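Trainee: Use the sequences and the hints to build the structure in full.
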Amino acid sequence: CGGLQNLIHGLSSTVKYYSKSNRLQTECLHHKIKQKKNHILGCSGCTCAQMTVPPGSILLWRFFSCKEGTKIPSKQNQNTSELLYKNLLKSEQENWNSISARYKVMTKRIKEKLEELQNKYTFNSESPKIRFGNNVYFEENGCIFLSKADDDEENVVFLFSTEDLGFSDAFIQRIRISPDQRYMAISLKSENSEEATCIIMKLGHFPVMEKVIPNVFSFEWATNDVLYYTSQKNLKCQNVFMTTFTNQKLTKLVYAEQDARFFVDIHCTKDRRFLTINSNSKTTSEVWLVDCRHPFKLPALVQARTKGVIYHVEHRNDELYILTTYGQPAEYKLMKAPVASSGTQNWQLVYALEKQTKLVDLEMFSDHCIMFLKNTGHLYLNVISFVSHAVQSIKLPTWACEFELEPHPEHTTSTCYFQLTSPVHPPKRFAYSFEENNLIEQAVQEVPIITNCHTTRLLAKSKDETLVPITVFHNINSKELHRKPLLVHVYGAYGIDLNMSFKEEKLMLIEEGWILAYCHVRGGGELGLGWHKGGCQHNKLKGLHDLKACIMLLHTLGFSQPKYTALAAASAGGVLAGALCNTDPELIRAMVLQAPFLDVLNTMMKTHLPLTIEEQEEWGNPLANEKHMKYIKSYCPYQNIKPQSYPSVFITAYENDQRVPLMGVLQYVQKLRKAALDHASRTSKKGNRMPNIILDIRANGSHCDSSWEESLS
1 CGGLQNLIHG LSSTVKYYSK SNRLQTECLH HKIKQKKNHI LGCSGCTCAQ MTVPPGSILL
61 WRFFSCKEGT KIPSKQNQNT SELLYKNLLK SEQENWNSIS ARYKVMTKRI KEKLEELQNK
121 YTFNSESPKI RFGNNVYFEE NGCIFLSKAD DDEENVVFLF STEDLGFSDA FIQRIRISPD
181 QRYMAISLKS ENSEEATCII MKLGHFPVME KVIPNVFSFE WATNDVLYYT SQKNLKCQNV
241 FMTTFTNQKL TKLVYAEQDA RFFVDIHCTK DRRFLTINSN SKTTSEVWLV DCRHPFKLPA
301 LVQARTKGVI YHVEHRNDEL YILTTYGQPA EYKLMKAPVA SSGTQNWQLV YALEKQTKLV
361 DLEMFSDHCI MFLKNTGHLY LNVISFVSHA VQSIKLPTWA CEFELEPHPE HTTSTCYFQL
421 TSPVHPPKRF AYSFEENNLI EQAVQEVPII TNCHTTRLLA KSKDETLVPI TVFHNINSKE
481 LHRKPLLVHV YGAYGIDLNM SFKEEKLMLI EEGWILAYCH VRGGGELGLG WHKGGCQHNK
541 LKGLHDLKAC IMLLHTLGFS QPKYTALAAA SAGGVLAGAL CNTDPELIRA MVLQAPFLDV
601 LNTMMKTHLP LTIEEQEEWG NPLANEKHMK YIKSYCPYQN IKPQSYPSVF ITAYENDQRV
661 PLMGVLQYVQ KLRKAALDHA SRTSKKGNRM PNIILDIRAN GSHCDSSWEE SLS
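Numbering-wise, the sequence shown is residues 1 to 713 according to the UniProt record's numbering.
Keep in mind that the hints were calculated from the coordinates and are not lab data. Model, not experiment: these values are computed from the prediction. Mixed in with the good hints there might be a few duds.
[Stated by the list, open to error] Distance windows between CB atoms, simulated:
1. Lys-129 <-> Gln-392: 26 to 32 Å
2. Ala-431 <-> Tyr-85: 17 to 23 Å
3. Ala-340 <-> Ser-385: 22 to 28 Å
4. Leu-89 <-> Phe-296: 48 to 54 Å
5. Ala-431 <-> Glu-112: 44 to 50 Å
6. Gln-93 <-> Asn-234: 25 to 31 Å
7. Asn-452 <-> Asn-234: 43 to 49 Å
8. Ile-110 <-> Thr-456: 25 to 31 Å
9. Ala-431 <-> Asn-119: 49 to 55 Å
10. Lys-129 <-> Tyr-103: 39 to 45 Å
11. Lys-461 <-> Thr-306: 33 to 39 Å
12. Asn-437 <-> Asn-119: 34 to 40 Å
13. Ser-190 <-> Leu-89: 18 to 24 Å
[As the list claims (entries may be wrong)] Pairs of lysine-lysine, DSS-like flavour, derived with a Cα cap of 27 Å:
14. Lys-233 <-> Lys-606
15. Lys-461 <-> Lys-633
16. Lys-461 <-> Lys-355
17. Lys-86 <-> Lys-674
18. Lys-533 <-> Lys-333
19. Lys-630 <-> Lys-533
20. Lys-630 <-> Lys-563
21. Lys-671 <-> Lys-642
22. Lys-252 <-> Lys-211
23. Lys-484 <-> Lys-120
24. Lys-563 <-> Lys-642
25. Lys-104 <-> Lys-90
26. Lys-503 <-> Lys-484
27. Lys-113 <-> Lys-479
28. Lys-120 <-> Lys-108
29. Lys-533 <-> Lys-307
30. Lys-148 <-> Lys-202
31. Lys-333 <-> Lys-395
32. Lys-249 <-> Lys-297
33. Lys-633 <-> Lys-463
34. Lys-563 <-> Lys-108
35. Lys-463 <-> Lys-90
36. Lys-606 <-> Lys-307
37. Lys-563 <-> Lys-104
Ideal Cβ positions, reconstructed from N, Cα and C, are used throughout, including at glycine.
Mentor: Listed below in structure tokens is the structure:
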């Protein structure tokens with residue numbers, strides 16, 4: 001629902017949704033497509049021609065893939081691997097059952113505390129409301145309701161529930177309502193699958209299920225009865241379909257992406273004039289326009305893809321407003337061009353971002369646009385008037401670390417609503433009024449205000465003199481901080497910021513005297529696109545140097561010490577965390593990883609995996625480039641395990657994880673245990689200890705994506 005946030009990462013789409021407990025979750029989807037040559041089928045269904053189709057072709061036929069250059073493991077190797085996998089899995093599950101029993105008293109106390117905090121800070125949180133004219137639609141606990149704007153709660157009408165539809169174990173991920181409000185399309189997703197199912201409901205006094213479409217990623221209404229959607233399979237999204245709900249039902253393919261590095265999704269411009277078909281790799285994009293007044297016409301190309309140029313499109317008054325990296329410097333800037341002549345030669349600059357500024361989101365209105373920005377950890381709003389051409393910059397409260405934009409279906413509205421949050425501050429609602437040109441803090445009754453937490457922002461000098469931001473939280477009443485436990489967070493990949501939204505467990509740690517530190521190292525996106533480029537491919541080691549410099553600065557300034565320091569990371573953040581564990585294990589006492597990526601080299605050499613091709617823009621191509629292979633091998637956590645004194649390690653992994661194969665995690669744990677044991681057996685130094693290396697394999701959830709209940713467990 002919010003502006004262009006699903007698009008501007010360039011490398012991944014971020015889908016915001018509410019679980020059954022209305023707790024905001026974020027799922028980061030790193031997308032891949034793999035398809036080169038195709039058979040185009042005629043009406044008879046037989047193959048009438050074989051041809052190579054250029055990337056991003058607009059077609060009236062369905063494509064069938066004939067992949068080339070993909071090596072599939074032999075059946076014999078598969079059988080051996082499956083047996084090894086089963087044995088390792090069984091061994092780790094038995095080990096976990098034995099170890100977890102020791103922590104029953106501690107986990108009981110923690111669970112009770114977290115449930116108390118969750119009830120205290122989220123009991124009155126509301127699901128996002130979608131307003132159409134005088135009607136307001138919203139979801140609670142899997143049920144869809146309708147109410148009238150500015151009406152009391154007694155007149156709320158129940159429409160339907162996911163349980164009624166036969167999807168009791170799924171949560172609602174996305175809602176789209178047709179312009180005339182006759183149809184509602186919703187996507188339902190279970191915890192154990194990356195693919196969602198789209199349900200189209202015909203609204204009325206007795207809503208009826210009109211259509212079920214499996215494996216859908218994004219969808220938008222072009223008209224009252226024409227829906228466009230993208231299909232997703234094995235983490236790939238490459239085809240766009242159109243389906244109609246007129247008397248003559250029709251479903252056809254209108255776009256097929258051919259480049260394995262690109263992922264396709266659909267966006268509706270704020271004024272509902274166009275649908276945009278967005279094809280993005282990590283470094284390059286291409287956009288096609290579907291005219292909502294003529295939804296059966298072929299999409300029109302805005303600008304052919306140019307290597308290294310990312311762009312996304314909005315519309316206002318027959319002009320396209322283009323958010324793009326085109327031109328110098330290669331950071332985001334807002335440009336515009338006529339719809340009729342939208343090539344780069346006609347792009348005119350509207351606004352350019354300052355150096356090392358991260359564009360988090362952009363929202364268009366009839367006479368204004370709002371840019372949500374980050375600069376050295378601080379959050380800003382830039383309000384651009386299309387009438388006066390003035391730009392107003394507003395610095396937001398210093399405690400705020402994350403934006404959450406609320407949905408605004410009507411682009412003519414005079415107020416923009418959003419929420420601010422931090423790891424230890426529950427979401428707080430704010431509004432910007434265009435009429436009054438000011439920021440309004442929305443009072444929410446009964447929500448306790450966090451007053452005992454202090455926020456500090458630091459800059460650590462890395463190996464090459466680059467200054468790396470750190471955000472630190474600690475209890476304002478804490479004394480002797482050098483004796484307090486410290487939890488350090490890191491990610492540093494894909495140009496994605498560290499997740500700094502509110503978490504009950506972070507607030508619990510603050511209340512118990514912990515220090516929390518967030519290291520915004522290169523490879524992430526906190527300081528703009530250049531910050532990401534400075535820490536990917538042949539620059540990955542810079543992210544590792546940044547992390548080391550951050551931890552050393554924290555200790556130097558008296559924030560804890562190595563024996564009280566733990567390092568936390570998830571997904572691709574496991575690369576830097578695991579690398580530090582090999583190079584500088586003495587800096588930390590423990591490491592906590594969730595669904596970690598730990599074997600970069602072997603994974604990037606397996607081209608049959610769905611993510612490998614697109615990942616080459618982030619990590620390099622070790623199969624085609626020997627320098628890439630040597631470089632990846634120099635930092636890969638799995639490849640660099642050696643007999644030495646390691647910190648204790650706790651890893652949570654998921655059986656159903658499609659992004660990080662569980663086998664790689666199992667092998668990492670086995671190798672790490674052996675190295676720690678070898679070191680312990682070779683040394684008899686007094687005080688030498690054997691670290692705890694624990695792996696918890698969850699049967700539910702998939703790659704950092706779980707409900708509040710599963711997350712609590």
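Trainee: Going through the numbered hints above, which ones does this structure break? Give me the numbers in ascending order.
Mentor: Hints 2, 5, 9, 20, 35 not satisfied by this model.
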